[in-house]
Amino acid sequence: MRSRGSLLSLGDRYRIYVLFVAVFAFMSLLSPKFFTVYNFTTILNAITMNATVAIGFTVVMICGQLDLSIGTVITFAGVLTMGLQPYLGFAGSIAVAVLGGAIVGLVNGLLVTKTRINSFIVTLGTMTILQGSIYQFSGGNSISVTTDQVFAISDFLGKNLLPLITPRVLITIILVVAVEFILRRTRAGRDFYIVGGNRSTAWLAGINTDRTITAAFVLSGVTAAIGGVVSVLVSTAATLKLGENSLMYVISATIIGGTAMSGGKGGVLRSVAAIMTLEMLYTGIILFGLGNEVKIFFAGLILAYVVLYEAYAVYRHEKTLGQRPWLMKELAARQAAGAGKKR
Amino acid sequence: MSNTMPGRADAPAAVAGTSTPAGIDTRALRTRSFSSIVNTAGVYAIAVLFLALGALLQATGAISGFLSAQNMLNIVDAVALVGIAAVGMAFVTYSGNFADMSIPTTMGFTGYICIELLRYNFWLAIAGAIGVGLLIGLLNGFVVGKFKANPIIWTLAVNYVTMGVIRLVWVNKQIYPDLVGSPPSAVALFDAIYRLRFFNLIGLPLVIMVVLVVVGQFVLTRTSFGVKLKITGSSPRAAKASGIAVERVVMLSFVLVAFTATIGGLAITSLSRVGAWYNGAGYDFKAVTAVVIGGMTLAGGRGTILGVLGGSLIIGILNNIMTLLGIGTFSQDMVRGAIFIAVVGINALSLRRLGRDDA
Amino acid sequence: MRRLPFVVIAFALVAFALSPVFGQSLTAAQQANLKASLAVDTSVLKSADGQQLLAPSKDNRKVPARPADPNKLAETDPLHWYDMEWAGWNVTPTNTPKSPGDGAIGKKVIMIVHGDHPWTTACILGAKKVADMYKWNFKALSPNWDKVVQDQLIDQAINEKPDMILLIPLDAKAAVQQARKINAAGVPLHMFNTLPEAAALNYSLGWTGPDDFGQFRLLARAWSDELVKRNPGAGTIGVAYVQHAPGGSPYFARSFGPISELATYNPKIKTLVMASPTPATFDANTTMQLVSDWLTKYGKDLKGICASDDSAQSLGIFQALEKAGRTDVVVVAAGNSKQGMDLVKDGKLFAITYQTAEGDGALAAQTAADWFNGKGYPIRKNLAQHIITKADVEKFYPPQW
Amino acid sequence: MSDTSSRPALEMKHVSKRFPGTVAVDDVSYEVMAGEVHALVGENGAGKSTLMKILAGSFDDYTGEIAIGGRTALLHSPTLAKRHGVGMIYQELSLARPISITENLLAGRLPRRGLFLDKARARAQAGELLSSVGLDLDPNLPIEDISQHEAQLVEIAKVLGNNPSILVMDEPTSALSREEVERLFAIIGDLKSRGIAIVYISHHLPEIFRIADRVTVMRDGKKIATRLIGEVTREEIVQMMVGRSVKEFYQRRERSVGDVRLSVRKLSRFGFFHDVSFDAKRGEILGICGLSGAGRTELARVLTGLDRADEGTIELDGARVQGSTMADFLNQGISYLTEDRKVEGLAVRLAVDDNVMSAVIDRLSSGGVFSKARGRPAVERLITELSIYPPDPSRTVGNLSGGNQQKVLLAKWLANEPRVLILDEPTRGVDIGAKMIIHSSIEKLAATGCTVLLISSDLPELVGLSDRVMIMRKGHFIREMPYHECSEESLLLAATGEGGAT
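Chains as they are written, first to last, in this note's numbering: chain A, 1 to 343; chain B, 1 to 359; chain C, 1 to 401; chain D, 1 to 502.
Only chain A is shown next, with the shape it has when bound in the complex (with noise of 0.2 Å):
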């Protein structure tokens, strides 16, 4: 029976756990401050947004899709979060907030499915009209909630349960292993693969693909809300800024984790540590006493190689694509014999 279990390829599969466990090696030998409880904390608290954000993004990747309103979507939750509290309070603001969320998520999925445009565009496009709507609710100014309730909460939220896990890194972790669950263990979660893999594929099947799609882009809404929402919460207050880089960060670090921009390939896990992986280098450089374009310099770098490898992988294996064994082993016996021959 023929098989994939190639070391190699194994390998390759899991080419960003092995990049993970290489970067914590290689930081904690070289910077003594590095491998500490603390420090640990501080990522960890540092990438539960970005993390956050990436669950639904990576779901929206997997069906072949790409969601660019993600940082807007985290930016307008959050300061939907603080803006309403006093009218709604926070269960009510937060609610509103998810679900605005939400909502940005369907019309970003019944816009690619229902019109058929690039989702490219079409999130480019309410991008830009959530930008607007975050000043032009905000004010232009970043809006924050001083009662002790909120202080209360920002305290709750980053104070140490257990070594390592704060209340905020527990909401990632639980959203992270329910989706990454769904998507492996469920026929709902499976559905994005096939849809991703091939929408015709998908519609014969009688998935209704147009439903899945627009329920990715749904979970990407709802979770970049969580995101910029918690973060508020933490800061006590909402800055207008506050998403502006994740979107990038965020597709890098999916890439990086290896689900492709094709379709039909990868997974949350993946991508929550690849953005561990990244924050694990960013830290090591500070630490180093490196600046932010080392940073930068680094992440593109990792970027390109990783993109560079999938393209290049693929290349080889089209080259070589259709060997006939028995012909290879011919060659071989010929080149044998020709060296033999050689006088």
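Warning: the hint list may mix true and false statements.
Claimed, not checked - Have a look at the derived ranges for each label pair, beta carbon to beta carbon:
| id | chain 1 | residue 1 | chain 2 | residue 2 | range |
| --- | --- | --- | --- | --- | --- |
| 1 | A | 95 | C | 398 | 52 to 60 Å |
| 2 | C | 73 | A | 159 | 33 to 41 Å |
| 3 | A | 106 | D | 83 | 23 to 31 Å |
In case anyone wonders, no lab produced these hints; they're calculated from the structure. For each residue, glycine too, the CB sits at the ideal point set by N, CA and C.
Chain A is already provided as a structure; the job is to place chains B, C and D on it using the hints.
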């Protein structure tokens, strides 16, 4: 689902040369030329629509001075930079490779290079900047063309790396044309890249844009490269099996975008009189927007450079009207986004009706 | 008399035993360090533009009383902006760490800025100049304009247990929780440059930095006088404001500062329009487009423009003005970049504010040093206000960044 | 006729389907018995595919009545169709490449325990299905890691997985090698015996006579007739299909074979074919016969510069072929009609003329400036020569029928005025009308002295057209046969390696 309708209409005629059979797929009756006309014309129809809107608003007194020559000039002046970048971007989109996200740092980087070389000689500086820009284009084109790496992600990575390089090399400093020990004459020339105005009326960037558009349109439709690009864009494998050197064609399209980005970068650096790594920020999405509104589909092989010019104009007119109306900057974003989606939607639908569904 | 030595020793012992009771007592080493620290003279330092590096504000305006609810007041009322303009003058610090008073030399200080920019580079340089005088173990961290990263850097800084954290908060309101956190960790905090919410200053030793509102009130007056001079007898004088990027105090200070000032100083001046160029606030081309459209809309009614940035924005503005052939428009801006000063020198920009980047960092560092030296602590100290015009622009070359 | 019960498993009564301006299926009625293989034939565009798409639930707006197992059924969605036990095997693969075989096989019906998937069971089910089509693969392999032939069989296994009561096969053998075809026929026989009704669409009449019980002929969306296979001849069927009688399919032309044009020596592409040597003369049609995987296509790709040779020489009219890229080969007059029309052959989103000129762009350009006008006469000539319908150069190729697309593809390569024309499956999946035209134009071309290399698994075609046939097996040239020795049987024997020299 890709529900291809049954082609009807061949065999009998083929065998016996008899008359047209029962029914013919109506979509097939529309001819390509018609469609591409609709496609490009559609863009200008929308542009004219906006002009009419402006005129109407002026008639009703809601805005003033819209129809003045000066204002029209302002509009085209304002889109000149985006237009320049968009012409190059259009070739990449047309080649079926979506977009080049490394435009911003290409603009910033070449700005630095130019200023650094200014101390030797102005023309050398320009040449140097363009040279560096083309190198970036070559790199992108090689990787995307030969190994078919995902263009968006690859160029995004290159954007990061270039940014890192700029900031490492110039240690987070920005540099000024007149503080690098360059002769005043060179500085003056550099200053003029953006500011030179013919008959004290038409700015150099505008002229450059027009030239690029005309040349670009010619290259895209009338040269062998353009035709090859068209086939490559619509079906790379068929292109390869037709003896077209796909790698080279794609590479050239990335070189072109790098070239126009460099021109844009020089202009913006000249305007802001400083080499800074944030010069050119945002021009990636600006250019894509212009290209897409201009009627190019990300599927590749469809659209025209003239359309892209139209796309840039639409954006310019829209901004102009909104400011004249006194719409707040925040609401402007919302309108811009909505119009963007709407225009692309209309374009997509019209294509679909013409039986050219590239979704 | 033979007992005398014992008595002396006994007294000595008692004195020694009791010594902790009377205030803090310093070891000899600490004493020496304090002496040496106090001997350090940082007034000799100069910034790259040849100015005195440490230039605290001389102005002693009376701090007005806070109105019940500033937001109830009209935006043209200076007091509407009370919490942004006067934040910190009248807060009551809580749980403030006591100064060790053992001298500034050899302290460990971490500076966390807002993001990478040539301005920041200069600002850090200024702080470094002071830090070196005091032989500090000094390092600066930058979150590159990302609030999430800034929080992370704060955590890491706390973990290093420095003697002081100097912070440029990325966001006035988010600063509150950041300050609380640092304060709770028992690390002395000093904030500078970006004025945070008043509440944040409860947890900070104090704040130093440019008086954005104050500066623009000065600028407004100079601007107004020039406008009047150039438009004698005009009934109203129309002006426009090119705003800073939304989401920060400059966005308000550099437009509503002048507006609320002029409302009383010269009511004849009428605000026609104010906007922040989008999508790119500091893109010359975008600004040019915006201003061109304004010139189309308001024509000759537009007599003056106040910009929140004297480089890219101002260059865009003058590009637009030249295209329209307008030389009568009086333009002022926040400074002081090289491009801005060049424009002033060419007689294009009428006036810009003096915003010393190095001085900003240096004043923060010096204030910290004073605290280490046990001096009294000003909750808030402004940088010197100054308006640069063609008259004195030469003095400020070469630019700091 | 199969011996199982003869109650109709499927009845279609007055079924019609119209597209804007078209009646694709026009009042068609017929029934299929359980355990019957019912062949459906007709030229491209006759409406077969549409009829089958209706059955597969692709349309929700057909008219007429469909009864399955005696009960009326509405087939308005693939799900409904599947629920009524209709299984459809599509011509083009409908598999998702990046995901595993298991998930492709069980898409939409992955086994669950409670809320969650039951991976073990899924794997087991997948394993069974694979072995049912004689495949021995790890079900966790993604499709992109298996060969196209394997994929084709997976496709079939996938449909069998829904254990359908009615199975529709649309040109199932078009991508299969002979041995795989045999395997498929075995499977079909087995399904018959299990009482499954099979609708079998094919252009390949021999196949139909081999396995069908009855045959229904369609033309222009209408049903012409249904006959027992025993009571009808090929000629009759062809006649019904094209609506007029065809005589002897291939009549021997008189050949004037000139001196050597293409001379290949010890040509190898390691791992694909080794030590291939032959001469082809002017005006000669040289057939190349071999099972799939024998290396025919790979040889062709090297002969046209698409792939590089590792060893050996190619001479054209006594001179080494200059250059290494396909463009170089093209310019020296070597044309290659690829076997895959939709992917490598044509840019289906572009117009006819764009495609026809696509191989000669450089020749139509001077100083890099392309002149469409210069190419137009040739395009129009070819359109009339090959009677491409509709005769409109600006028509989008994707909207043409398969037959006409194939003609456009041929036109594209004729436009190169080749000295050597290499044809790879020139008439695969093409209706008889188009086939005849393509054949005659091939012969015309040969008559003008062009050398034609004809690669085909359509044996009658090879026998009918070739002057000589080279037989390839397992990447080697086995032997050549002059046409008077060629017969479908002899070729087949040689190719499969029974009989004949090695």
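Status of each hint after checking the structure:
Our hint of 52 to 60 Å for residue 95 of chain A and residue 398 of chain C holds, since their Cβ atoms are close to 56 Å apart. With their beta carbons about 40 Å apart, residue 73 of chain C and residue 159 of chain A fall inside the hinted range of 33 to 41 Å. Distance hint check: the CB atoms of residue 106 of chain A and residue 83 of chain D are about 29 Å apart, consistent with the given range 23 to 31 Å.
Hint violations for this structure: none, all hints satisfied.
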